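Protein chains in written order, with the numbering used here: chain A, -12 to 104; chain B, -2 to 110.
If you are wondering where the hints come from, they were derived from the structure by calculation, not from laboratory data. Since the model is a prediction, treat every value here as computed from it, not as a measurement. Even for Gly, the Cβ is constructed at its ideal location relative to N, Cα and C. Among the hints, erroneous ones may be present.
Covered stretches of chain A (in silico footprint by chain B; criterion: 3 or more residues with CB under 8 Å from a CB of chain B, positions within the stretch not fixed) [unchecked claim]:
no., region
1, 24 to 30
2, 66 to 79
20 Å max Cα-Cα, derived DMTMM-like pairs, lysine to aspartate or glutamate [unchecked claim]:
no., chain 1, residue 1, chain 2, residue 2
3, B, K65, B, D(-1)
4, B, K49, B, E12
5, B, K97, A, E91
6, B, K74, B, E5
7, A, K28, A, E74
8, B, K97, A, E46
9, A, K53, A, E9
10, B, K53, A, E91
11, B, K102, A, E46
12, B, K97, A, E50
13, B, K97, A, D89
14, A, K28, B, E5
15, A, K42, A, E9
16, A, K7, A, D75
17, A, K1, A, D75
18, A, K1, A, D52
19, B, K53, A, D89
20, B, K102, B, D(-1)
21, B, K49, A, E91
22, B, K97, A, E39
23, B, K49, A, D89
24, B, K74, B, D51
25, A, K51, A, D75
26, B, K57, A, E39
27, B, K57, B, E12
28, A, K28, B, E39
29, B, K74, B, D52
30, A, K42, A, D52
The residues making up each chain are set out below.
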Amino acid sequence: GAVVSQHPSWVICKSGTSVKIECRSLDFQATTMFWYRQFPKQSLMLMATSNEGSKATYEQGVEKDKFLINHASLTLSTLTVTSAHPEDSSFYICSAPNPLADQETQYFGPGTRLLVL
Amino acid sequence: GDSVTQMEGPVTLSEEAFLTINCTYTATGYPSLFWYVQYPGEGLQLLLKATKADDKGSNKGFEATYRKETTSFHLEKGSVQVSDSAVYFCALSDSGANSKLTFGKGITLSVRP
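My request is simple: use the sequences and hints to build the entire structure.
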């Protein structure tokens, strides 16, 4: 099946620093990727849709200047949490549909746990 | 807007017990419905799906039927195994290909030997 990886799997940073999270589709090309955020014991909340070669589409209430998304190639999307604060601590997950397969099915990365001190 | 409601968890069962996890949804259109599963240390993966009313999705002994009249997509398995221990998410997609998913909160299932 299609594989999506994320890096790093976890990161601890100081308040005020920026953190970059990578999402890669390993065996397929993804023109669209999705970024989710998950709080403990809560649902995955969609943050934004990453579009290759164009600007990301952010969900209501998500600060686009805070969460910078770059989809520079067909296999890589990055999420940068700028000037991170403790309230940004969360589990960040990306997903992508495989355009060569069932496009309604999304393939998820294993997630990145961010802790901001 | 779209929403998905799952029963509260966690759920703990003995091996070979019958499993039902309830899921209901609210959507403006005609959504596709999904169950995703997350095993410990892994990413979410599709368990099964149904794209229209009365469709039954099935995989690995799990089944769920798309019930439009009750707006439900309950997950069932006749005999669970220890290896089924995971977090289960119900989700819907309202706009076809490449569209975003709306998830329920997820429920943790633990199966005892």
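Hints, verified against the model:
no.: 1; hint: 24 to 30; in the structure: holds (count 3)
no.: 2; hint: 66 to 79; in the structure: violated (count 0)
no.: 3; hint: K65/B / D(-1)/B; in the structure: 15 Å, holds
no.: 4; hint: K49/B / E12/B; in the structure: 32 Å, violated
no.: 5; hint: K97/B / E91/A; in the structure: 9 Å, holds
no.: 6; hint: K74/B / E5/B; in the structure: 18 Å, holds
no.: 7; hint: K28/A / E74/A; in the structure: 16 Å, holds
no.: 8; hint: K97/B / E46/A; in the structure: 11 Å, holds
no.: 9; hint: K53/A / E9/A; in the structure: 16 Å, holds
no.: 10; hint: K53/B / E91/A; in the structure: 16 Å, holds
no.: 11; hint: K102/B / E46/A; in the structure: 18 Å, holds
no.: 12; hint: K97/B / E50/A; in the structure: 18 Å, holds
no.: 13; hint: K97/B / D89/A; in the structure: 14 Å, holds
no.: 14; hint: K28/A / E5/B; in the structure: 10 Å, holds
no.: 15; hint: K42/A / E9/A; in the structure: 17 Å, holds
no.: 16; hint: K7/A / D75/A; in the structure: 13 Å, holds
no.: 17; hint: K1/A / D75/A; in the structure: 11 Å, holds
no.: 18; hint: K1/A / D52/A; in the structure: 19 Å, holds
no.: 19; hint: K53/B / D89/A; in the structure: 17 Å, holds
no.: 20; hint: K102/B / D(-1)/B; in the structure: 14 Å, holds
no.: 21; hint: K49/B / E91/A; in the structure: 13 Å, holds
no.: 22; hint: K97/B / E39/A; in the structure: 16 Å, holds
no.: 23; hint: K49/B / D89/A; in the structure: 15 Å, holds
no.: 24; hint: K74/B / D51/B; in the structure: 18 Å, holds
no.: 25; hint: K51/A / D75/A; in the structure: 14 Å, holds
no.: 26; hint: K57/B / E39/A; in the structure: 35 Å, violated
no.: 27; hint: K57/B / E12/B; in the structure: 15 Å, holds
no.: 28; hint: K28/A / E39/B; in the structure: 17 Å, holds
no.: 29; hint: K74/B / D52/B; in the structure: 17 Å, holds
no.: 30; hint: K42/A / D52/A; in the structure: 12 Å, holds
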